[in-house]
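From just these sequences and the hints, can you work out the full model?
The lines below spell out each chain.
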Amino acid sequence: MSPVLAGILQLLALIAALALVHRPLGDHMARVYSSDRHLRVEKWIYKGIGADPDTGMRWPAYLRGVLAFSAAGVLFLYLLQRLQGVLPGSLGFSSIDPDQAFNTAVSFVTNTNWQSYYGEQAMGHVVQTAGLAVQNFVSAAVGIAVAVALVRGFARSRGGDLGNFWADLVRGVVRILIPLSVVAAIVLVACGVIQNFSGIHEVGQFVDGHSSGGSQQWNGGAVASQEAIKELGTNGGGYFNANSAHPFENPTPFSNLFEIFLLLVVPFSLTRTFGRMVGSLKQGYAILATMATIWVGFVALMMWTEFAHHGPAFDLAGGALEGKETRFGVGASSIFAVSTTLTSTGAVDSFHSSFTGLGGGITMLGMQLGEIAPGGTGSGLYGMLIMAIIAVFIAGLMVGRTPEYLGKKIGTREIKFAALYILITPALVLVLTAAAMALPTPGNSMTNTGAHGFSEILYAYTSAANNNGSAFAGLNADTQWFNTTLGLAMLLGRFLPMVFVLALAGSLAGQKPVPATAGTLRTDKPLFTGLLVGAILIITGLTYFPALALGPLAEGLAS
Amino acid sequence: MNNSVTNTARLLGAGLRALLVLTVVCGVLYPLAVTGVAQALFHSKANGSEITSDGKVVGSSLIGQQGYGLDYFQPRPANGLGENSVNTQYKLILSGATNRSGDNAELIAWVKEAKAKVVKDNSTVDYKVRPSQVPADAVTSSGSGLDPDISPAYADLQVHRVAERNGLPVDRVRKLVDQHTEGRTLGFMGEPRVNVLELNTALKDLTKG
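Those protein sequences? They're chains A and B, same order as listed. Residue 436 in this note's numbering sits at position 436 of the first sequence, with consecutive numbering throughout. Residue 113 in this note's numbering sits at position 113 of the second sequence, with consecutive numbering throughout.
None of these hints come from the bench; they were simulated from the model. These numbers were taken from a predicted model, which means no experiment stands behind them. Idealized CB from N, CA, C, for every residue including glycine. Heads up, some of the hints might be wrong.
Stated by the list, open to error - Cβ-Cβ distance ranges computed for the label pairs, FRET-style:
(1) B/Asn3 with A/Ala300: 36 to 46 Å
(2) B/Gly183 with A/Gly297: 23 to 33 Å
(3) B/Ser44 with A/Gln217: 15 to 25 Å
(4) B/Gly187 with A/Leu550: 55 to 65 Å
(5) B/Leu20 with A/Ser2: 33 to 43 Å
(6) B/Asn2 with A/Gly89: 38 to 48 Å
(7) B/His43 with A/Gly89: 49 to 59 Å
(8) A/Leu423 with B/Leu12: 27 to 37 Å
(9) B/Ser44 with A/Ser2: 32 to 42 Å
If you want it as structure tokens, here you go:
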């Protein structure tokens, strides 16, 4: 069997697995967020928080909950890192410097998981499991909560009530993420992912048969439990520097495919949850089809360019295997790279900086679409619904009608929120990239020169502002400039869009639904999927083309 | 004004309490439960899949090693591997890739150099290696720098050298490689591969045993 065919079969296997699981999981999530009942453990948690889970919240109250919880998360994680040096269970690792601690705290709370540190030498057990891994759960649950609030905005009328943030947060963790993570973590251990609380561990080394062998020092760690939620919550922050390329995080071809499945399963299944909650499964399918079309298209392009391996070093080597693991090969690495950048994951099983020029461009474009195909847990769905609003607006302009979506009028107020949403991340990416290029020192962090050096910086801000977290990792981002500006990009790129999503949700929830007429654009048909795919590609293309032309396109076309 | 400060403080308090409660659930109970199950059911795997030779631990079957003598099968290059720069009371391996692009001059030089070395090292008196025979994995660094595997093509290329240096028949060494070649999982997942540490451990048993 050729590697190309094996790659295609792996893609088909993934599609089959996702098709099988998205229905029951999507239906389960719809029940979780629609139920009136509380589990006993949830009641204990609400008592601990001191919140009444049955109080409905209007959008400002919902937003205040999101922001307060996230602010507490940043503060706690920052202090935990600053105090690591005196915390027990930290392997004697020293405290993290202020700018890096800020960057990392923001990174994990915003579901970005950009890492300017090396996991194996910097973070002890306590920070990894009680700090970073906790944010893997809760930042994902916050994302889903905001998406559910928007869906309720469409589904409910005239009340303005979007649900209760604390209830949505706790249910997402207790009823969805924890059960799935337990199963996933045990599957990963069965594949060979480590799960222990050993200290730094000295073991023998083969070296060569004549000498008695040297030794090597290893980190132990609760890796499987963190790996599971790292993928499932579309987080992506690796326990080790090499992330999911590290054999202790991703030991076999099966674990690799399983991890790709994990990072896609919640975002894809949420389209079903959406369909259920707005009372039309077909509306969910139209969104699912849009996401799937872009994802499959990007995988096909990536496999094409990586198997063709244009580039002087790859031509010389006879394949684009630099930065790729033998056990995964080019096919599976291509699927992982596209899936991780079209979601907000940012985990990597191969290093994007050593992809072909065009391959690197595909990973960047994936993030620049706004991570909506299928996107992050929750953030993918709300990002895609914003694009759907833009698409019906464009269609409305063509025929001169006030656009509607799901029975709600898209008026001036709604389109303003949607427009602000799609302007934030490009503004952050392009302004900060330009600033970094214009200043004298940030360029010193580049490993590569020329177009690829520019790409390293463009990639960094694209990744941070879109809350992805992957990198063209040649860039030395542990400088005050990058820790600070990337930290700000992550914060603004996460929470400003959420403000507009919740404001939009509030505005929609306050409207009386309008009955569909013969003139209403049908948003549950393939025609709409086509319109939506087109709108997404054109809007992103127009925004980022000049920047992409200077970086990955220049590199890709030259080789 | 005063009122809004109190409200903000109250809200932050609720956020902090929620975080602490969820930290107990997700950051303490969850990892401990998974560790318990993992240690009970998959003890060896949960602790790093160590392999022993002559009664001594010689590493993990998952973690590739550098520094084998030419009597043994060689792993992929690992130009992205580093050593720890902080917490230097330990001597930790930092996993990582080179992150060099396809048009990077240094990467081009590394590939050239590696290719010349593979050709030279593996050519024996009655077996000449041509540069076109050298597979891509033999001259490129992996993503982790800890790739435990090489392609079957790279292992085959090394058979003559290993046989000659150990005074073994070529067919015997080739058979050993075949025994350690793992195909794609279920026929389609990943790529065929040979685990270098396991192969070398078996080779050592053969020559010293």
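Comparing the hints with the structure gives:
no., hint, result
1, B/Asn3 with A/Ala300: 36 to 46 Å, "58 Å, violated"
2, B/Gly183 with A/Gly297: 23 to 33 Å, "30 Å, holds"
3, B/Ser44 with A/Gln217: 15 to 25 Å, "20 Å, holds"
4, B/Gly187 with A/Leu550: 55 to 65 Å, "43 Å, violated"
5, B/Leu20 with A/Ser2: 33 to 43 Å, "54 Å, violated"
6, B/Asn2 with A/Gly89: 38 to 48 Å, "42 Å, holds"
7, B/His43 with A/Gly89: 49 to 59 Å, "22 Å, violated"
8, A/Leu423 with B/Leu12: 27 to 37 Å, "30 Å, holds"
9, B/Ser44 with A/Ser2: 32 to 42 Å, "35 Å, holds"
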